[in-house]
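Q: Make the full structure from the sequences, and use the hints.
Chains A and B supply the protein sequences, listed in that same order.
Under the working numbering, the first sequence is numbered contiguously, ending at residue 321.
Under the working numbering, the second sequence is numbered contiguously, ending at residue 1274.
Hints are computed from structural coordinates only; laboratory data are not their basis.
Even glycine gets a Cβ: it sits at the ideal position worked out from N, Cα and C.
Honestly, I wouldn't trust all of these hints.
To be verified - With a Cα cut of at most 30 Å, we get these calculated DSS-like pairs of lysine-lysine:
{"id": "1", "chain 1": "A", "residue 1": "257", "chain 2": "A", "residue 2": "159"}
{"id": "2", "chain 1": "B", "residue 1": "1163", "chain 2": "B", "residue 2": "1100"}
{"id": "3", "chain 1": "A", "residue 1": "93", "chain 2": "A", "residue 2": "257"}
{"id": "4", "chain 1": "A", "residue 1": "279", "chain 2": "B", "residue 2": "1127"}
{"id": "5", "chain 1": "A", "residue 1": "67", "chain 2": "B", "residue 2": "1127"}
{"id": "6", "chain 1": "B", "residue 1": "1127", "chain 2": "A", "residue 2": "257"}
{"id": "7", "chain 1": "A", "residue 1": "279", "chain 2": "A", "residue 2": "257"}
{"id": "8", "chain 1": "A", "residue 1": "279", "chain 2": "A", "residue 2": "93"}
{"id": "9", "chain 1": "B", "residue 1": "1163", "chain 2": "B", "residue 2": "1189"}
Unchecked claim - Residues from chain A shown here face chain B by an in silico Cβ test under 10 Å; the list is partial:
{"id": "10", "residue": "26"}
{"id": "11", "residue": "75"}
{"id": "12", "residue": "109"}
{"id": "13", "residue": "173"}
{"id": "14", "residue": "276"}
To be verified - Computed footprint of chain A on chain B; a stretch qualifies when at least three of its residues, placed anywhere within it, have a C-beta under 8 Å from a C-beta of chain A:
{"id": "15", "region": "1039 to 1046"}
{"id": "16", "region": "1088 to 1095"}
{"id": "17", "region": "1142 to 1148"}
Given next are the chains, with one letter for each unit.
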Amino acid sequence: MTLTQNPPTAAGTPRVTSRRSARTRRSLRAWAYASPTAALVLVFFVVPVVLVFFMSGSDWPLLAGNKGFNFPDNYTDVVDQRMFWPAIWFTLKYTVIATVLLIALGLGLAFLVQEASRWRAFLRTTFLLPTALGLASASLLFYALYSPQVGPIAPLLEKLGLTEGVVSPLGTPSGALWSTVILIVWRFAGFYMLLLLVGLQSIPGEVYEAARIDGASRWQIFRGITIPLLRPSLALSTIMCVTGSLLAFDQFYILTKGGPDGSTMTVVQLVYSLAFESKRDLGMAAALSVIVLLALVVINVVQLRALRGSDDDVKKKGAAA
Amino acid sequence: MTRFTQGLTRTPFYVLTGGLAVIFLYPIIWTAISSVSPQPGSAQVNGFGFGNYETVLNYQAGLWTYLGNSLVISATAVIATLVASTLGGYAFARFTFPGKNALFLLTLAILMVPYATLLIPLMTWLKTIGLNNTLVGVGLVLAVFQLPFATFMMRISFEAVPKEMEEAALVDGCGSFGALRRVLLHAVKPGLITVGLFAFLAAWNDFMVPLFLVGGDNAPLPLAMVNMRQQVMGVIDYGATQAGVVILTVPCVLLFLVLQRHYVNGFMSGALKG
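A: Written out as structure tokens, the structure is:
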């Protein structure tokens, strides 16, 4: 245990000091080191978590402040909102699309840059570069890119005969969705490439050698070795991607504002809208926050359990092999 | 060549990857060029020049105000993250104390509760403690959401340092803080750079926390740029928007290129062990 490295007692301290008080002093010192972390966690995490539950059960207009308990009115009001189910449905749809595309493309890019060479090092940097941009900056960038006035995309679509007249790709519900997906893929593909690359490089080369000597085809190697051994990395990427997409906000707030016609309204955007735009009601916004919070905790627990399960599977397979 | 790319002969491989590289670089290069190009409805109507940058410079409170706001928020977040995660990581790595596991788990629990769900109570709570509409308040909130990664990173950094190093310092008469300051900090420098870099990029680029928590002249640059776009009904000054994107992006891309090794290494250790 770490207790073995007791600090040398100062020269004047009598050696009879009981072990117990030495341990107490050590604990106090440790707490002194941990106190900034503890203070930040308490003030900016624990209190808001408690408060969001409290607010969700209170009548709390944006400008008037707390007007007393009204549980469960905020919850029933939120569920009755016209945009409630469409926002949940859209968020789920977006999450599935973004996750599938990002993991598939991240994996593809990881394969392309896996080996060490100068050109591949350049590619790695290139694919990672968008990760350095903030999501808000990237969204503003793509907003201009999609604009029929200055961007190259809208005229290109028109030339290809996909749109009639110069209109923004953001102007239709499906256009708005896919335009946002393209932005997200551009911004995050390199990030998932890196995550999966770490996993790929942790697979020992001998495993591949052995499989090839046994005459396995490339597809068999991919399915039988790469994918199973990559499962922990794939699971981690999926968890991060699902969690991030379920909370999508910046990209939609900046590119589409939830439009056209509320077709790209995400759940977190609805929180913002309830608090500041449509209802100006912090109680309702808090109630929706609580719903999102609880849903995410459940989803994360389920995903983490699946991740641990896949870890065990790999170990079992490894042991069996 | 890998087993996968083996199948691709050299030329198609270069065509494919070269094409991908162009797709990834194109938006950045396009914005950089457009920001100085002539565009209808912007301050840069004829010829190339920096008219759009002038628009941003003079937008409402002025570029320097928003840049200053961003710097205060980022500095607060970076300093708070570094101080808390260094001292906390040291405590977690080297001491046993009652409540240690509870505090560590509570810190990691921040990952489970994303800040998007806490912004409504934070608005109210910051007002109660006198931090509403303040840059320091935003910086501290952003620091807290860096803590799981930062604390974890610093804990494994300290655990990787051989105990003999600080024992030697302790024998030489340093207290534990002296040992931390004079010996250990040098040993965990890579961890500090990674944590600091991540905290800076996250704080510099964050849009959502300031959107909820501050307004008006206290907006940091990303928020000010988004507000600028929405300012004039119907007419959007794309030139100024692009100039704003360039101003926001240049520090991040430079920092990223200079510290790329740390970024990738830090990311990998976080991903592998996290």
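Q: Does each hint hold? Answer for all of them.
A: Right, here's what the structure says about each hint:
no.: 1; hint: A/257 to A/159; verdict: holds, 27 Å
no.: 2; hint: B/1163 to B/1100; verdict: holds, 20 Å
no.: 3; hint: A/93 to A/257; verdict: holds, 17 Å
no.: 4; hint: A/279 to B/1127; verdict: holds, 21 Å
no.: 5; hint: A/67 to B/1127; verdict: holds, 17 Å
no.: 6; hint: B/1127 to A/257; verdict: holds, 28 Å
no.: 7; hint: A/279 to A/257; verdict: holds, 16 Å
no.: 8; hint: A/279 to A/93; verdict: holds, 26 Å
no.: 9; hint: B/1163 to B/1189; verdict: holds, 17 Å
no.: 10; hint: 26; verdict: holds, 7 Å
no.: 11; hint: 75; verdict: violated, 14 Å
no.: 12; hint: 109; verdict: holds, 8 Å
no.: 13; hint: 173; verdict: violated, 21 Å
no.: 14; hint: 276; verdict: holds, 8 Å
no.: 15; hint: 1039 to 1046; verdict: holds (count 3)
no.: 16; hint: 1088 to 1095; verdict: holds (count 6)
no.: 17; hint: 1142 to 1148; verdict: holds (count 3)
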